[in-house]
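S.K.: What follows is each chain in one-letter form.
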Amino acid sequence: MTLVEPGTDVLDTQSARAPEIDIASTRPGTPGGVFMRQFWMALDNSANLAAGRAKPIRIMSENYTLYRGRSGKAQVVAQRCPHRGAMMHLGWVEDDDIRCVYHGWKFDCSGQCIEQPAEGTGFSRKVRLPVFPTREHQGLIFAYFGEGKPAPFPPYPEPAGEGIIDPWPAYQVPCNYLQCFENTMDEVHVAFVHAPGGSHARLAKDLPVITAEEKDWGMLRFGTRANGKVRHTLHYAPNIVRVIVPPLYGMDGVGGWPVITFSLTPVDDDNCLWIVTSKAPVTGKDADIFLEKRAEMERKRAAAPPVMQVVEDLWSGKLHYADVRHPDLAVVQDIAVQAGQGRVEDRTREYLGRSDAGIILWRRILARELRLIAEGKPHKRWTTPPADVVPIIGI
Amino acid sequence: MTLVEPGTDVLDTQSARAPEIDIASTRPGTPGGVFMRQFWMALDNSANLAAGRAKPIRIMSENYTLYRGRSGKAQVVAQRCPHRGAMMHLGWVEDDDIRCVYHGWKFDCSGQCIEQPAEGTGFSRKVRLPVFPTREHQGLIFAYFGEGKPAPFPPYPEPAGEGIIDPWPAYQVPCNYLQCFENTMDEVHVAFVHAPGGSHARLAKDLPVITAEEKDWGMLRFGTRANGKVRHTLHYAPNIVRVIVPPLYGMDGVGGWPVITFSLTPVDDDNCLWIVTSKAPVTGKDADIFLEKRAEMERKRAAAPPVMQVVEDLWSGKLHYADVRHPDLAVVQDIAVQAGQGRVEDRTREYLGRSDAGIILWRRILARELRLIAEGKPHKRWTTPPADVVPIIGI
Amino acid sequence: MTLVEPGTDVLDTQSARAPEIDIASTRPGTPGGVFMRQFWMALDNSANLAAGRAKPIRIMSENYTLYRGRSGKAQVVAQRCPHRGAMMHLGWVEDDDIRCVYHGWKFDCSGQCIEQPAEGTGFSRKVRLPVFPTREHQGLIFAYFGEGKPAPFPPYPEPAGEGIIDPWPAYQVPCNYLQCFENTMDEVHVAFVHAPGGSHARLAKDLPVITAEEKDWGMLRFGTRANGKVRHTLHYAPNIVRVIVPPLYGMDGVGGWPVITFSLTPVDDDNCLWIVTSKAPVTGKDADIFLEKRAEMERKRAAAPPVMQVVEDLWSGKLHYADVRHPDLAVVQDIAVQAGQGRVEDRTREYLGRSDAGIILWRRILARELRLIAEGKPHKRWTTPPADVVPIIGI
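Protein chains in written order, with the working numbering: chain A, 1 to 395; chain B, 1001 to 1395; chain C, 2001 to 2395.
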């Protein structure tokens, strides 16, 4: 049973209890899987996929191939060749087509088989490779895995104002996406999780009171401090947060506080990708200084131990949490704590409080939507977030 | 079917057959789990836990946090914070309290929540972190996981006589604790398992006849040699052996034959900890020589390949058993053979003989007790082993 | 549903569809397990087992011990000692007997227990270690795991003509044996899978039309080229191919095109061994050149990254298929593609074509035989392949 502190008065505490419906799964065919497949999913940084290359990806418990044609077009197709199940990413990209490594069957980017070197004529027209709508925006590759017409693209507006769009390295995190998304609604954690290293010290001085409102496009959340200042954070349905955050530990404060747009893309029920685009509010000479520091940060990253190795050492007790320093310190800290809750957190054993108001509201929304989907009833039509609702630093 | 050689006449051979009850499991709720939770369990060497530090532990298929307060007090608490399931060992030890890394909830060493920085007043008193009685003895940390009042502490007397108490490094061994405990009842094995390297040559000259007696505190076992000498080994219920053994291979004979007190603590049904305290019978100048050799042994250990790597190479056939040398050679040999029986040995396929008399008796006792527990009937009340029953080298 | 291209006219396309019977499993007790146990299985290269040594093996989901007596005789016995389940390969080979590491029980190579050092007389005669017929041929060790009298030995004739018999290193491949055996029936793959590096360029110039015939000893398969030349490949039941192939990439063309005899031995349903003996058609001075190059190849192999590491990097997308070079390039390519089909390929989702005629015929034969076995009906009595049916290069 989830006990909720009475102070969380504006919320329907009943619905925050462990819902009978599985809100964490995104497997195909589950209510959560249908829900999530209404939205474009961020897959990777555009810069990670050169023209002419293909790679394997796994999204919401299904495997795919992602390739970029010679023209520059990115395309998601099935993992395997329909002939005998070879992995398509081992093959060759030719123009915007892809050819299987096993017997040279070639498919255009609509999925139509257009060559079968050892077969007779007429067979290829019967064979198709499943393809999925694929688009790029703000340095990221997105795909749509739902049925029917895809949702409008781009799924969210570019952050307002001048600055440098900077996609961070993508991390694969060994836990369910939802507990990471919940963490973004949990503003209090920064005062503790990120205390070692001090990156979030300015957010830790006095703790905010959390409130949240459902919107057509997701959830708008407020952190109100004793001094009356209010931090606004945008939670775009179903798995994206837009928020103003401190610079990464390894940036030594250079570049100021960026707006980040942070997708928590399910790999499967036990793993997710963290795909982050930051927009650093720097122009002119400051931009040069930022880019120089950014390059130094990359060198630090390359020299540092892998994030997951540090996390494993924290979990085993080999490293001591308070002692760890790393260029991506906040990432190490967040993964250690969030994935440390378990692959899928056991939500039946929690004691939620008033500081969990954002989490409670989002679970209520999610449970409501998933129940409607499970019952085959009409459910909410989410809209693209408007450009004029922006995050506010509020400190 | 377990065939028992007729020579094992004093024992009820029927009960030595694979009992219908699972004697190997210690999972919570199983008869074996209830049985084992009547006793204090050795967890770790005291020296492995500095004041102010916390670490994760897993005992009998359940996860916990072990920490040492600033006062020096060791305490076992639940693995996870009751709020949102963060791992407690990632947090901070403050005085003798522990604070969660995620939102700073603080618990005293009785488990009472005493601070919730972002919550209103009155909530914390409703929240408790499960705690478990924790004590130290002879350089080891013990905890009690049973219901009700803990068994008397310490669970066994200090070995008699002068000497140096020396906890060995703890090993995690990839098999069920019971087959390791059975191995301690199996005196004949030393003549073969430890033949390479020759550490047990004095015990291998003529093979003893094994007999055993149930005691209020466990089992007393005898190895009678042709020359009439009798070796006495003490098996303290449920998983501890006290015995006089040869020095480790890397000690090159220095320190003489120590008394060891050896706990086989279940991690889960497939793994156990070997926690050993030796008492070397050395005083005065001999003690200095011993301590110098002991320090050299540590250097040898640090330079040697990890024990489990050697074991894996033996299992795969990459290394040849007769060729292996290692400072902890007997440990390598014992783990290779015992964990090589399988994670949980298949006791239905054995051919037991008269040399297995100790194992046969202990299985009979264990099966009897577990059956009584399974049937909800009164079962044996075990006593603390008396100080005047001591192991005898008997060669 | 498996769609079969109409061009595959001579075959019963129905039976090529995913059969209702599991044709991939070789677990004991399954129809496939019974079928496979009618044949001698290649286990290892003879040169990998020195006299006096023992090693663990796993064949068709069962574990065994393989040892070579002091006389040179190789013998397969059970994995575990019947006494208390210790791994037999940890023990000692004495003459042609094997002694258990745990308590010194000794078994002769017929499996009879002949010594039990700590037991009374009369017990040992009741104890046997299971043994399995074991023979050697052409540099390989074979064993027979079926019931009753073993099939005739050797299971196939030596390749005709002069030359050097050269067993390649054995590889463990992480997929079911059947998809590897099917790959040997799939002559078209070489033009694509082995295109990078160019080892099979002479076979890729024009693609053959594939046909196949069932024989008393397996399947004879033809690849007919536009110029009328016909390549003959021999598929010995149940898992051996004899074929003329290009030299390995690292041989730089030296030694010419060898005849290889290639066993795909199931380790379990998810893994198999590739055990290959090549016969290079070289004599006299050419043989010396060949042996020198062969030694250089071994040095290249030792210096190259392990085959499975390269394969894993191909699967993850870290390496690009077209870029990889390796002394065993064709092996890397074949494992990446075949094991990349999945541990057990999903045969229900294929679109087979006329180039799959060999695969289609073999599946039909296999399904027919397994169904007869499942129904307890008389099934085919396979014969030893005759020496006068030989592979033909046909290009």
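Worth double-checking, as some hints may not be accurate.
Stated by the list, open to error - Just some of the chain A residues that point at chain C, by a computed CB distance under 8 Å:
(1) Arg-53
(2) Pro-56
(3) Gly-85
(4) Met-87
(5) His-89
(6) Pro-117
(7) Gly-120
(8) Phe-123
(9) Val-127
(10) Ala-170
(11) Phe-222
Claimed, not checked - Not everything, but these chain C residues come out facing chain B in the computed CB check (under 8 Å):
(12) Gly-2085
(13) Gly-2120
(14) Ala-2304
(15) Met-2308
What the hints assert, rightly or not - Result set (DSS-like, lysine-lysine): computed pairs, CA atoms no more than 25 Å apart in a straight line:
(16) C:Lys-2106 with B:Lys-1318
(17) B:Lys-1318 with C:Lys-2380
(18) A:Lys-318 with B:Lys-1300
Note that these hints are calculated values from the structure, not bench results. Don't be surprised by glycine CBs; every beta carbon is placed ideally from N, CA and C.
S.K.: Does each hint hold? Answer for all of them.
M.R.: To see whether the hints hold, each was checked on the structure:
1. Arg-53: Holds: closest Cβ of chain C sits about 7 Å from A:Arg-53, inside 8 Å.
2. Pro-56: holds (5 Å)
3. Gly-85: holds (4 Å)
4. Met-87: The hint holds - A:Met-87 has a Cβ within 8 Å of chain C, the shortest such distance being about 4 Å.
5. His-89: Since the shortest Cβ distance to chain C is 6 Å, the answer is holds.
6. Pro-117: Where the cut-off is 8 Å and the nearest Cβ of chain C is about 6 Å from A:Pro-117, the hint holds.
7. Gly-120: Holds, because the Cβ-Cβ distance from A:Gly-120 to chain C comes to roughly 4 Å (cut-off 8 Å).
8. Phe-123: At about 5 Å, which falls below the 8 Å cut-off, the nearest Cβ of chain C leaves the hint on A:Phe-123 intact, so it holds.
9. Val-127: holds (5 Å)
10. Ala-170: violated (13 Å)
11. Phe-222: For A:Phe-222, the interface hint is violated, since the closest Cβ of chain C sits about 42 Å away, which is over 8 Å.
12. Gly-2085: Since chain B brings a Cβ to about 4 Å from C:Gly-2085, closer than 8 Å, the hint holds.
13. Gly-2120: This interface hint holds because 4 Å falls under the 8 Å limit.
14. Ala-2304: violated (19 Å)
15. Met-2308: Not OK, violated: C:Met-2308 not within 8 Å of chain B, min 15 Å.
16. C:Lys-2106 with B:Lys-1318: holds (23 Å)
17. B:Lys-1318 with C:Lys-2380: Outside the cut-off at roughly 41 Å; violated.
18. A:Lys-318 with B:Lys-1300: holds (22 Å)
Hints 10, 11, 14, 15, 17, counting from the list given before, are not met by this structure.
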